[in-house]
Amino acid sequence: MYPILVLSITGLVTLFLGFLKSKKVLLPATLFFITLAFLANFYDWNKPGLYFSSMLEVSNLSILFTAILLFSAFLIIGLSKGFLDDEHAQPAEYFAILQFSLVGAIMMTSFQNLIMLFIGVEILSVSMYVLTGSDKRNIRGNEAALKYFLMGAFATGIMLFGMAMLYGANYSFNISDARAVLLQTSSAARPVYLYVGVTFLLIGLLFKVSAAPFHFWTPDVYEGAPTIFTTFMSTIVKTAGFAAIYRILEVSFSPIYNFWWVMIVIICILSLLISNITAVSQISFKRMLAFSSVSHAGYMLMAIVGLSNKTDDSIVFYSLAYSLATISAFGVLMVVSQEKLVDGRPDESISVLNGLSKRNPFLAFILAISMLSLAGIPLTAGFWGKFYVFSDVAYRGQIWLLVVAILMSAVGIYYYFKPIIAAYMKEGDEEFITLTPLYKIILGITTFGSILLGLFPDLVRGLM
Amino acid sequence: MLALILLLIPLIGSILLFFLRGSNPGVSKNVALAATLAEFVVAAYTFANFDSQTLIEVKYAWMKDLRINFHLGIDGISLLMVALTAFLIPLIVLSTFKYNYKNPVSFYALILLTEATLMGVFMAKDIFLFYFFFEAALIPVYFLAALWGGENAPRITFKMFVYTMFGSLFMLVAIVYLYMKASTSNIQELYAAAKFIPATSQTFLFWAFFIAFAIKMPVLPFHSWQPDTYSESPTPATMLLSGLLSKMGVYGLIRILLPLSPMGVENWGMIGMILSVIGLIYGSVIAIQQNNIKRLIAYSSFAHMGLMAAGVLSGTLSGIQGAMLQMVAHGINAVGLFFIIKIMYDRTNTRDLQGLGGITQTTPALSIYFMIIMLGSIALPLTNGFVGEFLLLKGVFDKNAWLGGIAGITIILGAVYMLRMMQRSMFGESNTTTATFSDVKGTEVAVLLPLAAMVLLMGFFPNVFLKITEPAVNSLLQMIHP
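Those protein sequences? They're chains A and B, same order as listed.
Mapping to the numbering used here: the first sequence position 434 is 434, numbers consecutive.
Mapping to the numbering used here: the second sequence position 22 is 22, numbers consecutive.
Hints may be right or wrong, so weigh each one.
[To be verified] Once the Cα atoms are required to be at most 30 Å apart in a straight line, the calculated BS3-like pairs of lysine-lysine come out as:
#1 A:Lys310 with B:Lys64
#2 B:Lys59 with A:Lys418
#3 A:Lys136 with A:Lys47
#4 B:Lys29 with A:Lys426
#5 B:Lys64 with B:Lys159
#6 A:Lys358 with B:Lys102
#7 B:Lys181 with A:Lys358
#8 A:Lys358 with B:Lys441
#9 B:Lys394 with B:Lys467
#10 A:Lys440 with B:Lys102
#11 A:Lys310 with A:Lys47
#12 A:Lys426 with A:Lys310
#13 A:Lys426 with B:Lys59
#14 B:Lys394 with A:Lys426
#15 B:Lys159 with B:Lys181
#16 A:Lys23 with A:Lys310
#17 A:Lys340 with A:Lys81
#18 B:Lys394 with A:Lys47
#19 B:Lys102 with A:Lys418
#20 A:Lys340 with B:Lys181
#21 B:Lys59 with B:Lys467
#22 B:Lys467 with A:Lys426
#23 A:Lys310 with B:Lys195
#24 A:Lys81 with A:Lys136
#25 A:Lys340 with A:Lys426
#26 A:Lys358 with B:Lys29
#27 B:Lys98 with A:Lys310
#28 B:Lys59 with A:Lys310
#29 B:Lys29 with B:Lys467
Rather than coming from a laboratory, the hints here were simulated on the basis of the structure.
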């Protein structure tokens with residue numbers, strides 16, 4: 001709860017800091033505020049409780065999800081260079097909106113009431129719509145923002161519709177009450193609109209985490225948005241979304257597992273198949289990462305299929321591993337793509353990475369580790385992430401889902417290696433790329449984290 | 001303790017090398033050689049103190065809630081492989097001394113990383129640890145082959161990488177399945193639990209593991225990556241691939257496949273054996289027609305692996321013992337032969353048999369080494385290849401006389417392509433390119449001498465090696481046929 005309060009206040013403070021003549025103070029200030037929120041987060045460790053008249057529940061799991069969200073946000077904001085190099089940017093507004101969106105994300109991890117979930121989703125989504133279109137002169141950005149807004153509003157509408165039907169079935173928005181009602185009524189006595197409500201609620205949430213077949217907005221929106229906000233979207237929104245999906249399914253709807261597991265399995269298989277097969281032919285690195293994020297949504301859904309007492313560990317670990325790897329990948333892309341402009345916009349194709357190992361060996365290494373982690377190769381965190389979700393699925397005996405996942409992992413290895421091959425084995429420009437110290441530190445942290453978790457996954461798993 | 005030291009020395013060596021960026025190449029060569037020699041000394045010490053398991057074994061809790069442990073240990077089967085790795089890698093490093101590879105720091109660091117992961121594979125006593133190292137071993141070799149290889153190396157080695165990873169992923173499914181069924185990942189405990197797995201599941205386990213290891217060795221029909229990769233890779237990478245990484249496949253067959261799906265082996269092992277023997281004949285026949293000597297040795301390597309796979313799948317004592325011995329023998333012979341090819345290429349700039357000839361007129365020493373190693377590859381009695389091949393053929397024959405007979409043709413075919421290569425390159429008329437062939441000296445002799453010596457030593461005293469592995473192999477077989 002405390003991070004919500006802290007971030008709301010500091011978001012407003014950031015807006016006011018925008019009145020200052022010098023914009024240089026905004027980045028350090030925002031980083032400081034997020035650190036404050038991160039520390040405030042742990043104040044409630046091992047002290048679970050309900051807040052805001054049982055609309056918010058703080059538990060160790062929600063604290064861990066919040067920690068991952070705030071840590072990812074810290075890294076991403078650090079990579080933003082404070083928006084100082086663009087004279088059309090409004091850094092104060094951007095940082096403030098990012099902090100407000102984090103409030104929404106944190107609400108999504110610890111909601112106890114469906115209204116709270118809705119508020120969280122909306123705060124996060126509207127912030128993201130605004131940030132997607134923040135580069136007003138970019139046609140692609142405008143298109144992306146409109147697409148995201150329209151489809152997102154539609155999805156939220158469906159989600160709200162589902163919530164209304166759940167209220168009709170359970171006479172309460174509280175998710176524990178929903179569970180109690182499910183346990184007390186037999187399956188014959190449950191109204192049909194309960195199941196419809198569950199389905200619509202899930203569809204709305206699955207849209208937000210870009211699971212197929214609700215993923216069609218993802219490639220265009222990710223590509224059109226400024227890369228820094230794309231990074232935010234693909235890590236924070238996904239982590240928060242999966243925290244919410246896990247929470248609603250585990251707390252409220254685990255008694256009717258037999259109803260919804262088929263839907264989740266189908267969505268999972270579709271996500272894996274569509275995303276991996278399409279990603280193979282992508283030329284743009286940014287679009288490839290967009291499809292990769294859809295595939296990772298599929299992998300995380302596998303953990304949800306195997307709902308067990310280990311699922312929360314798996315999702316936490318996978319979110320962390322995936323966020324670290326994605327932040328590294330986008331971080332490298334941001335710095336490399338700015339060197340070359342195509343039609344006045346940064347060149348984001350995979351070929352822009354050619355010869356990176358000679359231009360900046362550090363960046364090439366960071367890129368290699370992040371691609372290996374996303375592909376799930378041993379020695380990186382991504383391998384253990386995939387291993388845990390595969391184990392969860394095997395626990396439920398879903399061997400066919402496992403086989404599809406493994407085949408798609410093999411396909412994934414193919415396209416995740418294209419950037420590595422471009423960086424190490426193709427010839428590119430000879431110009432050396434310089435990095436600011438903060439950039440180096442942040443990319444170093446993400447890569448070190450990926451390798452550390454690849455060797456000692458228990459560091460995170462042992463926390464629960 | 002010793003197991004952990006064996007794992008850490010090359011790892012620390014590669015990290016140490018990283019701090020030497022920018023210094024002259026000689027320093028990195030010497031540091032790499034020192035690290036690998038230190039590893040050899042520790043391995044020799046382990047060999048001597050093999051009886052005290054408490055000194056060697058290492059077990060730490062790795063993932064507590066899943067009960068997966070970081071468990072390393074060495075039994076008879078592992079000891080031979082650890083010894084082979086520790087013996088060959090200093091020689092591989094030494095073989096690069098005369099040449100200057102670009103980016104020597106990364107080059108030697110990758111070789112040392114490969115050694116570390118190989119040690120991990122051979123010493124792992126936990127099946128997830130085995131899988132971890134099995135996959136991890138591929139990464140440094142991939143970079144070695146792709147970055148220092150020929151024109152087409154990146155594309156071809158990428159094919160190898162994806163192909164191998166694909167097979168390994170099948171193995172992952174099988175391992176996860178076993179782990180779920182037996183609630184343990186300790187390999188010894190899995191052996192005990194494997195007997196209770198139903199026959200249909202064992203079929204699935206057999207094929208999942210077989211595909212993974214068959215791609216690695218390789219065995220027909222999963223071999224298409226091998227000839228191109230071996231030819232395009234730089235010689236040290238080819239030596240690592242052919243001498244050590246392919247042995248990981250055979251080791252996997254013995255350590256994992258045979259005991260963990262005994263009924264699978266009983267029902268399907270025959271098909272595996274037939275595929276292996278077909279590969280054996282196929283590889284040998286192609287080798288006979290090859291004029292590119294590097295490809296020739298690559299196909300010969302493929303053929304030898306076929307025989308080893310057939311021997312292991314026969315499930316007999318002679319088959320597995322033969323495979324163990326042949327793994328060591330073939331590792332030594334392959335490294336020797338690829339090095340000799342490198343020497344020839346370095347002096348004459350050609351790998352084509354039609355462009356070579358009469359080299360022996362100026363190189364008495366090289367001729368002797370080449371002859372010894374080649375005869376070892378042909379499996380002449382009193383060389384290292386003989387006992388291994390004989391035991392393997394006996395194992396296959398015990399299982400199925402016809403298959404054994406067909407496999408026996410390998411002796412003839414092996415002699416044909418090897419002697420043809422020797423004759424065309426070393427004997428006959430010398431031409432302008434080979435007239436000025438200088439003899440081997442210095443570091444080249446330092447590499448060839450131990451290899452040739454081992455060929456003869458193993459040929460004269462095979463029992464020294466067979467005795468090491470016999471108890472372990474016997475206990476393994478007891479688990480399969482109680």
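Check your understanding: Quick check: which numbered hints come out false for this structure?
Key -> 2, 3, 5, 7, 8, 12, 13, 14, 15, 16, 18, 20, 22, 27 and 29
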